[in-house]
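Could you put the whole structure together from the sequences, leaning on the hints where they help?
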Amino acid sequence: MRKKISSVILNIVLLLMGVVTVYPFVWMLSSSFKKNNEIMALQQHLLPQLFTVQNYINMNSRFNFMRFFANSLFVTIAITVVVIYTSTICGFVLSKYRFKGREVLFGFILSTMMIPWCVTIIPKYSMIQAFGWIDSYSALIVPAMFSGFGIFMMKQHIATMPDEILEAARIDGANEFSIFHQIVFPMAKNGISSIAIFQFLWAWEDYLWPYLVINTKEKQLLSVGLKMFNGQYSTDYGALFAATAVSIIPVLLIYLFFQRQFIAGIASSAVKG
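So for the sequence shown, the UniProt record's numbering puts the first residue at 1; every next one is plus one.
Hints listed in this document are in silico derivations from the structure and should not be mistaken for laboratory results.
Any given hint could turn out to be false.
As the list claims (entries may be wrong) - Okay, derived cross-link-like pairs now, DSBU-like style, lysine-lysine, Cα gap no bigger than 30 Å in a straight line:
(1) 219 with 124
(2) 124 with 35
(3) 189 with 100
(4) 227 with 124
(5) 227 with 35
(6) 35 with 217
(7) 35 with 96
(8) 217 with 227
Just so it is clear, the structure is predicted and the values come from calculations on it, not from any experiment.
Below is the structure:
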């Protein structure tokens, strides 16, 4: 009886937390179909009193939304693909090879996760400036090529793979690159899905670094471009809500497509250290 009561209470609490979390997004989506005077009115309604799609037209005609969206999509996909590959190959080496200084190297990689991002931003900016990458996508992609979190996750995940499979491939004459690409990489799809979701989300929502290194408006990313909806004297809230609603679609799709692999990858990465 106590377990049933506890279960009911827990479900009610989770339901309330879910409503509190989801309601702002529902209100934002509904407001994207309202006119600005209705959004700013003192008496608010969840559903639009006068339905309009003009905000979705204005967000592109006034603020070049699709250009920002395409820029963010290109940079985010590029960073995610590179991080997946580098994290997987580094995790493979650190988990399946025995060499002197391996633990020290892994400890150094873990230490990068503990350094606040604000500490490294000045030297990283100076380095990017020295290479002449300011106002180019190289400044966004190259510094993000390696992820300490991604390497840690993939090391934990690949460590659970049986060594016998790799040894059998070596006996059959496969070289290390073939073993990695044909055996390890396909078997690590759950861990890769986890890294893909995390990295895609981080790169898609990154604001400060693109704001610092990208100067040309046409090259700017969506996270910074949304700020342009705020005018000096007024804000087009309808277009802002419409743009924000569209901007979360890629993240939702990525999570929906890789949800099962994401859960499996997180679980398997916690099995063995």
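We went through each hint and held it up to the structure:
no.: 1; hint: 219 with 124; verdict: 20 Å, holds
no.: 2; hint: 124 with 35; verdict: 43 Å, violated
no.: 3; hint: 189 with 100; verdict: 29 Å, holds
no.: 4; hint: 227 with 124; verdict: 24 Å, holds
no.: 5; hint: 227 with 35; verdict: 20 Å, holds
no.: 6; hint: 35 with 217; verdict: 27 Å, holds
no.: 7; hint: 35 with 96; verdict: 59 Å, violated
no.: 8; hint: 217 with 227; verdict: 12 Å, holds
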